[in-house]
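For the record, the sequence lines run as chains F and E. Quick note, the first sequence lines up with residues 1 to 630 if you use my numbering. Quick note, the second sequence lines up with residues 631 to 803 if you use my numbering.
In case anyone wonders, no lab produced these hints; they're calculated from the structure. None of the hints are false.
Straight-line C-alpha distance at most 25 Å; calculated SDA-like pairs for lysine to any residue:
(1) K765(E) / G477(F)
(2) K765(E) / S494(F)
(3) K288(F) / A254(F)
(4) K765(E) / E475(F)
(5) K765(E) / A525(F)
Pairwise CB distance ranges, derived in the manner of DEER restraints:
(6) N751(E) / V47(F): 47 to 57 Å
(7) E638(E) / P435(F): 26 to 36 Å
(8) A771(E) / W458(F): 18 to 28 Å
Stretch-level coverage of chain F by chain E, calculated; a stretch enters the list once three of its residues show a Cβ under 8 Å from a Cβ in chain E:
(9) 466-475
(10) 520-530
The beta carbon of each residue, even a glycine, is placed where N, CA and C say it ideally should be.
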Amino acid sequence: MTFRPGPPPPAPPTKGDAAAAAPLTDGEWHRLHPLTPLLKGGIVLIVVLGYVLNNLRDQLVEFFIPGTGPQDSGDPVRYVWEHGVVGWVVLGVVVLLVVLTGLFWLSWRMHEFRVTGEIVEVRSGVLFRTNRRARLDRIQGINISRPLVARVLGTAKLEIAQAGNDANVQLAYLGARAADDLRQRILVLASGAKDDDPRAVRRSDGVLQDRVDELFSPELDPAAVHATRIVKVHPGRLIASMLLSGTTVFILLAIAAMVVSVALTGESGILFGLFPAVIGAGGYYVRKFSRSLQYTIADTRDGIRIGFGLVSTSNETLPPGRIHAVSVAQPLLWRPFGWWDVRINRATNAGNGASSNQQVSSIVLPVGRAADVREVLDIILPGLVGSAVAGPDASREELREGSSEAVDVVDDSLTTTGDRGGFVHSPGRGAWLRPLSFRRNGYRFVQGAVLLRLGAVWRSLVIVPLPRVQSVRVEQGPVERWLRVASVHVHTVSGPVSARIGALDAQDAQRLWSGTARRAVEAAAADTSHRWREREARDAAATQAAVPQPVGSTAPWAPAGPLGDGTGGPAQAGPSGDATGRPTQADPLGDATRGPAQADAGTRAAPPGRWPDVPPTAPWSDVPPPGAAR
Amino acid sequence: MPLERLDEPGLGLTGTTWTRVSPKLVWTELVTTVVVGLVITAGCVLFAVLNDGTGSTAGLVWVLVSVVVAVSAIVTAVLTPRRVRAIGYALRDDDLVLRRGLMWQRFTAVPYGRMQLVDVNRGPLDRVLGLSELKFVTAAASTNVRIPGIVAADADVLRDRLVELAESRRAGL
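Let the hints inform the model, and build the full structure from the sequences given.
Right, here's the structure in full:
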């Protein structure tokens, strides 16, 4: 398989499509915000300016107050001044600035992106060209971050997370409003929906007033995101929760050790060596805290929106079905206050300096009471568990209903032990391996998910949505065999949540294994969350008796899509074909062959009946069972 | 206390026909075990000699360590044929089930639709014996499903078949 450069296929006509009205998603190439070079080169500029000013300081002081400055001759500015070559230096600086500006301008000019019904594509670079295409139905989340400087200038950075390592598509920088709008449009296109509700256009009160308004507006504008439920994290609780973390305990222990050692040896010199560590720890807390201020979790139509930040803000939208595991956990120190946190596993692993951001984005709720946990689960589970239960054509209410069992069980079981909540827990002999938690350590199936209840000291509950299970393993070592217990590991994509349970009765463990394996296959077959609103759109089209509009309006050239080998046989275009991974194409887990099938499903008239008629992903009944073929 | 193993009825695998790996895999495993065991034992013995053999405490510890290493290597080597016989895989309707291990028994089920790619690896010993190792990768790093000791021609056929199955059952991530 070779990369075929060739001319890009002509942008498809998008008449009648919602995208046609959108300025940035019309399939044409667009450039980034004109201030991008300034924002990207801004740091360098500030450093240079700082250096020059630092050198000029003495000069300026002497200029205004003659005879006071130090007369050292090593100063380059002084050297220039005294040798009368100011003109040359200024000329050089101007030329350098012009060249740099020209280079930045060129780089900005060569940096373009486009969004069609199927893909988002970015090409950049002057000498070394890069071209990256990402499929919209593989989007794992869209993040908009606004560092302080960018925020003042009314710009924002948009990052489209894709599954895989360093597979993100970054658009830095866009206009603040354009970024919001673009995210909305991309999500609409990715969801498979064809209609977009007309959004209220915010009126402008002049450029300056707009900037000021935006700078002082809260991070989350409820009117702008159409959120139906919002959970806010109380800042006081956030501070307290951070002070009660394991890091604090470690720091306190370190301080105690220091005090003891100083008291014993009488040498206080060691304290000076500690100074950088103190600064580091303080910075850690301040950073962590300022990032978590104004933390909100909101339920929008296109998934969960997690936003935070006071000065530099950041918010991410996770479409439904992009969360692979959820844990609700309680560190020991939080126990007296009844606080919990909620963490998730995601398929994306952002590189390019966003590693700290990645850590934050795997936390959904940094701290909250049981009621907050329930609210958050109500927000995130319908798209995960509910869609596996109620089928892909379910309405929001049905999704919520489908996930209500999971939410109820988790809510009831946060602190329970024994058989309560219908959990199958470890037998008494499991106490050899789980001396404190054997009565709590258990599992339970609910509709659409498997729940693990773990830990008596560090309590946690793990929820793995069945459509996201990658594989499942049961194992038994010699000690476990002697105790007639076994452990089960439900594999999900890597992240802070590990769905592993040990010390279960061997029979129970085997039932858990076989049950998970069977249900995971069934759930994955019915799952359509990669195009989460397609069915909704098709139903709407059917009821209006309108001519169905292809969802992927790029269908004619979709086979030549991201990998350019979509028309190949299954063996070549299959998973092993994808393994070669080209760095410039952000489709590491891609399945180009699904492109045509997808578009095909979209062009068919939607039957008003039940959903399994044209399942877009898994034509279960069409393929012969493998057993028969063998 | 009766020793209960993970069994097929308990796992709902009754009637599953397991495909066993080639018996020739025993040689690969044996050679690996013996070589690794010998190297580590030799290292420990060297340390023991450098520490005056049984003369000093440190030397005595090293002697004991080398004895333990040697014994465990021998036990592993002796059990190799049984361990190889315990490796088996089955292609069920919707997933692949792999079983491995005697002492540490484990069963892994991977739905076909979850396979992202299939690797075929052949080490030098495998090549001499005409064997291949199949490795399956899913989006979860911990899945780590490897079937060693498949006759090379069969491995290619099996890979193509699995890729085909994965393609027909492809769902989202």
